[in-house]
Amino acid sequence: GSPAATTPAAPGGTETPATQAPETPAAKALTIGLVMLQGDEYFRNIEMGLQEAVQADGGTVIAANSTNDPGTEASAVQNMIQRQIDALLIQPVSGDASVATMKLAVDAGIPVICYGNCGGPTVDPTLVKGAAQSDNTDLGAATGRAAAEYIKANLDGAAKIGILNCDSAAETCKLRKAGFKAALEEAGIKADYVADQEGYLADKATPVATNMLSASPEINLLWAANEGGTVGLVTAVKASGNRVAVFGTDISEQIAGFVLAEDDILQATTGQDPVGTVQAAYQMAKNAIAGQANDPIEQLVPGVTYSRADTATVEAYLAGLGG
Amino acid sequence: MADDRPVVLECVELSKTYGNFRALDSVSLTLRAGEVRALLGKNGAGKSTLVKLISGTEHPDRGHDQIKLDGQPVHWANSGEARSGGIAVVHQEFSLIPELSVAENVMVGRWPRRRGLVDHKAILKSAARAIDVLGEPLPLTMPVGRLSTAHQQLVEIAKALLDEPKVLILDEPTSALNSREVDALLALVRRLAQRGVAVIYVSHRMREIPLVADSMTILRDGREVATVGVREVTTDEVASMIAGSSRAQAKVGEPQDLSGAEVALAVENLVIDGLLEGVSFEVRKGEVLGIAGLLGSGRTELLSSIYGSRHDCEGEVLVGGRPVKDRSPAKMLRLGVAMTPEDRKDAGIVPLLGVGENVMLMARSRGRSPWIRRNQERDTIAEVIDRLSIATAGAGQPIASLSGGNQQKGVIGRCLAAEMSVLLLDEPTRGIDVGAKAQLYRLIRELAQRGISSVFVSSELDELAQVCDRVLVLRDGRVRETVSGAEATGDRLLALAMKTDHEELV
Amino acid sequence: MTSQTPVAESPDTAAPAAKQSPLRRALAWEGTGLLAVLIAVFIILSLIAPNFLTAANMLNILQQAAFFGIVAFAMTLVIVSGEIDVSVGSQAALTSSVVAYMVVTMGLPMWLAALLAIVIAVALGAGIGWIRDALNVPTFIGTLALYLALRGVAHLVTNTFPIPVDASEFFYWGSGRVFGVIPVPAVYFFLTFVVVAVIARFTVFGRSVYAVGGNPKAAALSGISVRRVRILVMSGTAFTAAITGLMHTAQLASGNSTIAVGLEFDAIAAAVIGGTAMAGGRGTIIGTLIGVLFVAILLNGMVMLGLNPYVQQVVRGGLVLFAVLINVARTRTA
Amino acid sequence: MTSQTPVAESPDTAAPAAKQSPLRRALAWEGTGLLAVLIAVFIILSLIAPNFLTAANMLNILQQAAFFGIVAFAMTLVIVSGEIDVSVGSQAALTSSVVAYMVVTMGLPMWLAALLAIVIAVALGAGIGWIRDALNVPTFIGTLALYLALRGVAHLVTNTFPIPVDASEFFYWGSGRVFGVIPVPAVYFFLTFVVVAVIARFTVFGRSVYAVGGNPKAAALSGISVRRVRILVMSGTAFTAAITGLMHTAQLASGNSTIAVGLEFDAIAAAVIGGTAMAGGRGTIIGTLIGVLFVAILLNGMVMLGLNPYVQQVVRGGLVLFAVLINVARTRTA
Ligand SMILES: Nc1ncnc2c1ncn2[C@@H]1O[C@H](COP(=O)(O)OP(=O)(O)OP(=O)(O)O)[C@@H](O)[C@H]1O
Ligand SMILES: Nc1ncnc2c1ncn2[C@@H]1O[C@H](COP(=O)(O)OP(=O)(O)OP(=O)(O)O)[C@@H](O)[C@H]1O
Ligand SMILES: [Mg+2]
Ligand SMILES: [Mg+2]
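Residue numbers (this note's numbering), protein chains in the order written: chain C, 272 to 594; chain V, 49 to 554; chain B, 168 to 501; chain X, 168 to 501.
Okay, chain C solo, but in the shape it has when bound (with noise of 0.2 Å):
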């Protein structure tokens, strides 16, 4: 964070231009709820985001992880209401399952934004003052997009595929899914999809992926919904030693140095942009505090595509990250 956020006067005066603080209150420092399903990368460029706008603005975080559970998820919110935080920014567990939670925000006059897995209940304008998050389904479509013009210029326009998931880890995962298989369908490709299996810590998912290969050894694509699925598959693919290709979903670092590696295993893969989510999701929560409504009220931000056909973006990834 730069120091000079702390400096308490200096009502509204910089560049973001969607900041106009009519009154005073802008002065106040904000406290700022953050809850994330678990730790990971995402999550923790998510968190760090979010850390570098609000202490820019002289304000504190408060983050907790709900580790994929409604209950915990509940606990960490009443804490964080208990700790009259200024508004609440938070991933869902699961539409359904987080309403009750939510609402208790609500009805303790905390204006509450969603920046990922919002659909349905929680984007209703009655719950949330504003909803900023990575298009989910545009996610697996991308990648998917992708993986039908490897498919067209390599396997003849039909693919055995292979699929790790992370359904029970997050309910975006089913998003990523639909998409990516939308976007087969919608270019043509013949897609017979020969397993789907679970598997989203690069630990787990590894065995998983190797034991997938080896009951089918018909696959030549594989697709993972997430960063550790992605991982997973790239290792078992490099160690059984067959040429398969993998698509997967979600960047960093080991990922993008997959991208660039001359194995040819990555084909593409699809990463959200968490700190443009998060920031986003931090603005809308500055309007609502302020008073103003957000316009839309749902904002998608969309991912961005690291391939081998395009290796400039994905070199601009790893400077980023150097930087």
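Quick caveat, the hints were computed from the structure, so don't treat them as lab data.
Remember, predicted model here, so these are calculated numbers, not experimental data.
What you were told as hints is all true, and nothing was included just to trick you.
Quick list of in silico lysine-lysine cross-link-like pairs, BS3-like style, CA-CA up to 30 Å:
| hint | chain 1 | residue 1 | chain 2 | residue 2 |
| --- | --- | --- | --- | --- |
| 1 | C | K431 | C | K452 |
| 2 | B | K384 | V | K64 |
| 3 | X | K384 | V | K379 |
| 4 | C | K445 | C | K423 |
| 5 | C | K374 | C | K445 |
| 6 | B | K384 | V | K214 |
| 7 | C | K509 | C | K452 |
| 8 | B | K384 | V | K116 |
| 9 | C | K299 | C | K374 |
| 10 | V | K116 | V | K64 |
| 11 | V | K333 | V | K379 |
| 12 | V | K393 | B | K384 |
| 13 | X | K384 | V | K333 |
| 14 | V | K173 | B | K384 |
| 15 | V | K373 | X | K384 |
| 16 | C | K452 | C | K423 |
| 17 | V | K379 | V | K393 |
| 18 | C | K431 | C | K445 |
| 19 | V | K169 | V | K214 |
| 20 | V | K169 | B | K384 |
| 21 | C | K461 | C | K509 |
| 22 | V | K393 | X | K384 |
| 23 | C | K431 | C | K509 |
| 24 | V | K173 | V | K214 |
| 25 | V | K214 | V | K116 |
| 26 | C | K461 | C | K445 |
| 27 | C | K445 | C | K509 |
| 28 | V | K64 | V | K214 |
| 29 | X | K384 | B | K384 |
Starting from the structure of chain C, add chains V, B and X with the ligands where the hints point.
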């Protein structure tokens, strides 16, 4: 015998087979009201097995009307039923619950209720009544686990007396008691018999039998050898019936005066706060030194302190003339000093391991090599099993499945396998049969001849007199008397141990 | 002879004979060390954590304590009896899923669905108790099997989607407030505490639990049905786990198969922090109460302090150890 | 007198006196039941699971077994000694994170980083063993504290980002093949098996572990340093957990703080399925080998069958129970 008294308990041809080993073979027994029947036999003869069948803990092989109480055939599903039916047992192995209070233990399984809840007041009252009968006060609310072994034994007896049983079975009740308490207990048994309670009394202590029993049943190898009135036979005859053909020698070796020999182990001014006020003595090479004392005189604490398994003491221990600092069992073993604990189940055996493994424990931890030398061990184990006549199917048989006496032999065998020069033996004969005891006495003397010293602690003062070259009498925290082996008799030692009006048991 | 021996009075033994002053008895009690730590942590948090010491937050802590504390009380009896139950988290998840399924998909009334779900849980718990005794399968293994299997069944029932349960009066049972002030779960929590404490100290069953845990053979010889005790204690954790599952369902207004992950760790930790011996035979319900409050206050305080979630985990681990050390030290000097 | 008593020969006890035929001894061995089940499961899977019975898949199973099997062997000794270690998963994650951090951020050579990470793990394990003995803190609590804390530290070290470790020769140690055929982890697995089995049967330390687990007081009086045994067994699981962490790091070519979640459950389950008694004093390394293979084959076979992951969980739970039941039944009739 007063045969007009009504028959209370009748057992017909009870048999019990474990696997294909016959622990009890067609044993019958008839007991009349007010009769005290001693049950005798060496280790593994089947005494405890018979007790377990009568008390419903185990079931006979064929379970048809073989046990009758007051003429009615009974089928106990478990010991609880037997107890409420009028048969109470004090088992050889304790069955107390360490974390529950004395009162709760006395009443365990029959806690009175009031409005659905346990009536703690009533428990205290009833327990106090049962304990009163013993003539020995016990702290009612203290967790039983904190009492001494002897007091735990008393709690067991109080438990059995609680609902005024028709038949009371005592399986070696005196093995943890001192002579005075034994006398009190025997008197108590007589009192109960007078009231019409039929008693089965299991013991290895021949001295007690004529004092308490009317008649006796002798078992050998699971069979009944004889049932006779106590006055119909001599002690020698009984002993030979128990042992089979040969009879244990009464005198073991000639007591020696070894005051000129080199000192193997010396203790100087050992103090344990509130228990020992400064104990000093020396054990000579090849000497058997007995330590006599009443229960609670601190003999166990003395041995544990020497051995380094207890550290709350001051004073010095010298082995071979050199003081040993920071004593621990491992260190003492390296110096050739070994101890066997008095409670074999709690601190002696490793139940799941085989006899051989148990025997080798000390030798291994004493050796330098990190490897097990199987061939060498095999010979050592075979030798120890042979020398102590441990009855086992093989070195691999889990020691917990042996009879109590044989387990104890296994524990002592440990010191033999480790080739120690000083043995600290705490009640080594507790629960061992006459034959095995004699074997053990001979063994101790034989070792002494080879230059191995023993410190022999026992509550059976007769055996101290029989075996030791010298006996120390521990009283009021100090060694008050030393008696040479030649002069020692059981009665004399008892008199000395009880001498003067020291602070009595509260 | 032993009357001078300084022995700590266990709170489980009536002690008319002991002539100690109440203060000395209190100090001698094994839980004192932990209580002191609890108070110290509380004071420190009050001083440094913003908004920690407010009436609303205290109630909030109690509410959250309920979600593992109720199970912790039942778990104490299980551990005292010499057993363990690692299936409670999966049991709670199954109950939540099954209840919602029965209400939403099968159209059963809520009370009936709840009843059936509880019956299922208790039957499973009792089954583990039974095979422990009849077939000699350690409860660690039996409940480990349930831990794996029931979570899977819960996922199958819900397909891992939450099943919304729309019953606002039901919501009250999870998130409502008695007199508009006291959270309903906090009420369950104290009710359970009182009931289990009375069971442990004042009923034949409760004392039998200690007997079975202290020396199962002796207990059996004394005519206590060891099997019955084991079946009952295992049913007890299953019952409280089911109740916890219902509380989650009410609070979240939906049936979820992903709730209560790690519930077994929290419940066992609270019991052991409170002085329950893993080896069986020893433990008190009041000790567990302190253990539960300790964990709940700690978790709340760290969020109040805005600690990084990973640092929270480290602190939690460290304090578990610390609390037990204090407890052990106290026991040894007593 | 007792020579006819049919007593099962424990493979851990020298049995010069017993004159049984090898076949009878084999049948009497407690693990036979489990072995029979293992073979039955294997045959069934060979018949119904596509591509299960291929050489490549067998090697694949062995490779996967290594990732919890190595720890399971060390865990067997811990359980036999009467202790437990629930920290192995967090230990592995910490090792992976620390190694990657030291190599990538601090620029240490791989061998040195690996060595330091192992030293840290072993020191922590030994510390738990020490406080078990010196301060009487149950290992369940000590390792529970580590379970919580070390995962947190691992997350802090990596910031939960995987740290890519770019060393292809290192990758070989996790995913390579000896002679191009046998997976390297499978080699570690068998090496560990042989080493631990020899330790358990043929060294004084190994036998001391059984003695301490069977009766710690008797062991202490026999001159065995109970403390040393406890420190060593706890160091053993820590060591194998660190090795597992390194294997994960090599396999994934990155340091991860999210690996090895639930490793403790797999390792303990394999040991107990293999006949190790939770109460201590009894267990064999060969039994654990069978337990590990059983779990690994099951996991592989279910994926081969394309089973729904939740059904897999249910089957896994059910079979844990079943395997133990078989084991227990065998023990009782023997
Ligand atoms: N559960 C059992 N399984 C196998 N054998 C047993 C079992 N219980 C007892 N035995 C065997 O039955 C025989 C008789 O044992 P019992 O305990 O009745 O002897 P005892 O006369 O009481 O001996 P001691 O004086 O040593 O106590 C012994 O050889 C013993 O090993
Ligand atoms: N840790 C302890 N704390 C308090 N008192 C103790 C402790 N250990 C032993 N005592 C007490 O010390 C006394 C002597 O112990 P003990 O009964 O073992 O003596 P002993 O002479 O060996 O008798 P025996 O071996 O026949 O039982 C007993 O009153 C016992 O309760
Ligand atoms: Mg006997
Ligand atoms: Mg003694």
